[in-house]
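The hints should help you fit chain X onto chain R, whose structure is shown.
Protein chains in written order, with our numbering: chain R, 15 to 234; chain X, 24 to 136.
Rather than coming from a laboratory, the hints here were simulated on the basis of the structure.
Using N, Cα and C, we set each Cβ at its ideal position, and we do this for glycine too.
A hint or two may mislead.
Claimed, not checked - In silico EDC-like pairs for lysine to aspartate or glutamate, Cα to Cα no more than 16 Å straight-line: (1) K175/R - D192/R; (2) K169/R - E106/X; (3) K169/R - E58/X; (4) K102/X - E124/X; (5) K88/X - E23/R; (6) K34/X - E230/R; (7) K233/R - D41/R; (8) K30/R - E58/X; (9) K175/R - D107/X; (10) K27/R - D39/X.
Said to hold, decoys possible - One side of the interface only, derived from the structure: several residues of chain X facing chain R at Cβ under 8 Å: (11) I29; (12) S61; (13) T78; (14) I95; (15) S98.
What follows is each chain in one-letter form.
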Amino acid sequence: MSDKTPYIEILAKNNKTGLENRKMLKDALCINIMSSPGAGKTLLLTQTLKSMAKKFKFGIVEGDVATSNDAEKLKKYINSNSVYQIKTENYGGGCHLDAKMVSNAFRKIGLPKKKYDFVIIENVGNLICPADFFLGEHKRVILLSVAEGDDKPLKYPVIFKSADCVVISKIDLLKNTDFNLKNAKENIRRINPSVSILTVSALSAKGCKEWFDFLESLKN
Amino acid sequence: MHELSIAEEIKDLVFDELKKSNCKKINSLHLIIGEMTSIVPDALKMAFEEITKGTSMERCKIFMKVVKTKVICKSCKKKFKPEDLNFFCPHCGSFDTEVIEGRELLIKKIVME
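Chain R on its own, in the form it takes in the complex (with noise of 0.2 Å):
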C-alpha cells in the first residue's frame, strides 16, 4: 500500500487555464459579470456596447446553460465575430464557466490576434457555482437587482466577498418594492468594505453614466 501526501490544488489546473487566457487578451481588460438569473446583465451589456462601442472595442463572450439569445441580442451593436455564446449544455450543462470553455470563446472570438480594448464574460446566472472558478478575469462585477431583496449580499457572501463592483440594477423598481438600498449597500459592506457600488437601472439608462465611467476609469 502506498500513501501519497501531495496536497493537490484541486482547481490548479483551472487556474493554469486562467492565466493562459489572461495572457491572450495582452491589453484587453476582461470582466467577469456574475448574477443571479434575470439580474439584467445582458441588458446592462447592451447599453454599454450602444454607449461605448464606437470609442473602445468590445469582446463578448455570453454564457447560458442554453440558446444563443443574449449573443444573438448583442450582435446588433458590434460585429458579431466579436460575440460568442458557450452553451454549457455542450459542456454536460455547466452551472457555471470555467477557464477551458472561456478559453475556446477567446480563440473563437479571435484572440489572442486581435486587439481588444474590453472583454467582458456574462457568466451563467448563479450565485454560487461561478464563485470558484477563476477565468482570467482582471476584474469581477456583481449584479444585485432590486427584484431580489437587499439582504441577497448576507444570504451569498463568498460571491460578494469576490467582487471589486457591485452594481445595483433595476433600480426603476424601487418605488415597486420594499428594497431598502441604504440597507443593501451596507449589506454589501459588510461581506466586501473596500467594493465600489454603483446604482444603475439599464432601462430607464439611470446611472449608466457612473458604470461606463467605472468602465472606462478602469482601462486609466
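Chain X alone, transformed into the frame defined by chain R:
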C-alpha cells in the same frame, strides 16, 4: 451543483497520480474543503461515486475535512471566525479584514495499493 465539475477534476488528478505509481487501485482519498468554496460534501461524494463507477476508483473511501472560514482584522490584528460569513471584526468593528482560511480545495492524501 459545481460539485460535479470538482469531482471530475479530482478524478483526473487522482488518475494521474495512480499512473505515476506502481499501484492498481485507490483505497481512500482525503480532501480538504474550505467553507468558502460553497461545496456541499455529500453532493461532492455522490458526484464522485457516480463518475468513478467501473474504474479503479470505484468504492474508494472519501474523507473530507471542512475548514471553517477564518479572518484577520487588519486594524486590530485579531483573528476570528465570522458568524454567517459577515466579515466585519467583532472585536473592533473594522470592516478592513482579510480571509486567511476557508478557500482551500485540496487533495491531502491518496491511499493506493
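Hint check:
no.	hint	result
1	K175/R - D192/R	violated (24 Å)
2	K169/R - E106/X	holds (12 Å)
3	K169/R - E58/X	holds (14 Å)
4	K102/X - E124/X	holds (10 Å)
5	K88/X - E23/R	holds (15 Å)
6	K34/X - E230/R	violated (42 Å)
7	K233/R - D41/R	holds (9 Å)
8	K30/R - E58/X	violated (23 Å)
9	K175/R - D107/X	holds (13 Å)
10	K27/R - D39/X	holds (12 Å)
11	I29	holds (6 Å)
12	S61	holds (5 Å)
13	T78	violated (17 Å)
14	I95	violated (14 Å)
15	S98	violated (11 Å)
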